Amino acid sequence: MNAAGRLGRAVLALAVLLALVIALSGAPASAGGDPAELLRRAREAANEAVLAGIVEVRWRDGDDLHVERTGARSRQGTVVVGRGEHVAVGAQGARWAADDGVATRWGHVESAPPPGPGSSWDLELDDPARVAGRDAHVIIARDDEGRERARFFVDMENGLLLRRDVVDDDGTLERSVRYARLTADGVSPAVPPVPDRGKGPVVTDDVGARFVAPTRLEPGFELLGRYRHPDGTVQLFYADGLFSLSIFQQPGLVDWDALPPGGRRVFVDGERGSAYSTPAGTVVVWELDDLVVTGVSDAPSDVAQEAIAALDGDDGGPLADVVDYVLGPFGWE
Amino acid sequence: MTEREAMHEDALSAYLDGELDDAARADVEARLETSPEWRAILEELRETRDALRALPAVDPPPELWSRILGGDDVVDLAAARRERRDRRSIWKMVAAAAAAAIVIVVGVAAVPQPDKVEPAVATYADAHAARSSLSNDAVSSLASVGIPGSTR
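Protein sequence lines, in the order shown, are assigned to chains A and B. The first sequence stops at residue 333 when you use our numbering, and every number in between is there. The second sequence stops at residue 1152 when you use our numbering, and every number in between is there.
It should be emphasised that the hints constitute simulated quantities derived from the structure, not laboratory data. Hints should not be assumed to be uniformly reliable.
[As the list claims (entries may be wrong)] Which chain B residues stay away from chain A? Per the calculated CB distances, all over 10 Å, these: (1) 1023; (2) 1131; (3) 1147.
[To be verified] Here's a subset of chain B near chain A, in silico, CB distances under 10 Å, partners left out: (4) 1089; (5) 1095; (6) 1096; (7) 1097; (8) 1101; (9) 1107; (10) 1113; (11) 1125; (12) 1137; (13) 1138.
Computed from a prediction, not measured in an experiment: that's the story for all the values here. Ideal Cβ positions, reconstructed from N, Cα and C, are used throughout, including at glycine.
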């Protein structure tokens, strides 16, 4: 081989090597290998998909495991969950329920983007599984101690979140939302009109001095929005990338005798509280300095309770400890 | 004894004890010279005084004073005053404590108490689910709202 031939082969080899490097470094990462990206895409997949299915919700309340099913349809950005007159609707950034124009009515809410799915949790891919007859990636979320706290099943074909399981710190299932059946044929959801009674919450930049609105709640919830409801209740919305938390605040003291039945006694930051297990998640009611605080979260219950307790923030130091110790027995702290 | 006889007896008793001045003594002696009644009274008084003086002297028993000083039926005035003072102090303290309690109760009652609130647990659960669906998967977030009677 002459010199020109060797040079040509060297140039060719270098070109191939260069092309390979570019291909490996510059090509977009496959979502199939990135659990955080899979979960990020799954946030919007239901709005973009064409589907009809049966959704099953399981939630544990003490020793009881409740199971309920309802319908779900999505087409052209409109999602309808429920049956008959009892449906919740999501359409072009708005949310409402057909039979409740106040509690669930939201307009287009501008807020900070949620944290990345892996910002507070260690994510890893597990072996694929099948949900509702469809192949799914399985993503496990682990806490700082390496314990599995949630498991997500994402459709390999369309990126849809097919199933989400949340477990307690002992590994027992707390809540699960999954498709029991799913089809993409003949979907045409009937969208009920927006109810005209009542007003929804409005965005506010300043909740007022009597309310508490930290921008972060440990172990990793970031404040995404502040809202004021028509009755004056303030709602703060937090997210940690995988789960969300709402803190509702009302001036006053809890009327413990008027709370709905089914709550179990808990202690939040050492204070009396009442906790409920609902299909939406854990609900905790407690008091903080003449404020009635109601926290709602789809996170594992211990994580939700830790974040709600973090609302108290700094305890004020040794002097506050002394005051609490002296006045605590009288309920005056 | 008539009042008059009692007056005579007092004058004669004083005469016997030497307690009268010169004029009174001269007046008594003049009565004695002219009145047999006065002389009889004087004689009785003199005999009685002589009889009393003839009685032997008697010392009181040694335990008499201790019985008097320590007896239950004898009042220790100093102790009694201290007891009254102590009782008054106790009642003063009780009254002061009662007054303080009244002030505290009235003060607490006067301070506006926060209202009792019944948080709408089910409504808040739905509101959270709806807001959460704007940042997360819509179907799994809204599923709880779409379950009849689950939270409302």
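Outcome of the hint check:
no.: 1; hint: 1023; result: 90 Å, holds
no.: 2; hint: 1131; result: 5 Å, violated
no.: 3; hint: 1147; result: 5 Å, violated
no.: 4; hint: 1089; result: 29 Å, violated
no.: 5; hint: 1095; result: 24 Å, violated
no.: 6; hint: 1096; result: 22 Å, violated
no.: 7; hint: 1097; result: 18 Å, violated
no.: 8; hint: 1101; result: 14 Å, violated
no.: 9; hint: 1107; result: 13 Å, violated
no.: 10; hint: 1113; result: 8 Å, holds
no.: 11; hint: 1125; result: 4 Å, holds
no.: 12; hint: 1137; result: 4 Å, holds
no.: 13; hint: 1138; result: 4 Å, holds
Hints 2, 3, 4, 5, 6, 7, 8, 9 from the earlier list are contradicted by this structure; the remaining hints agree with it.
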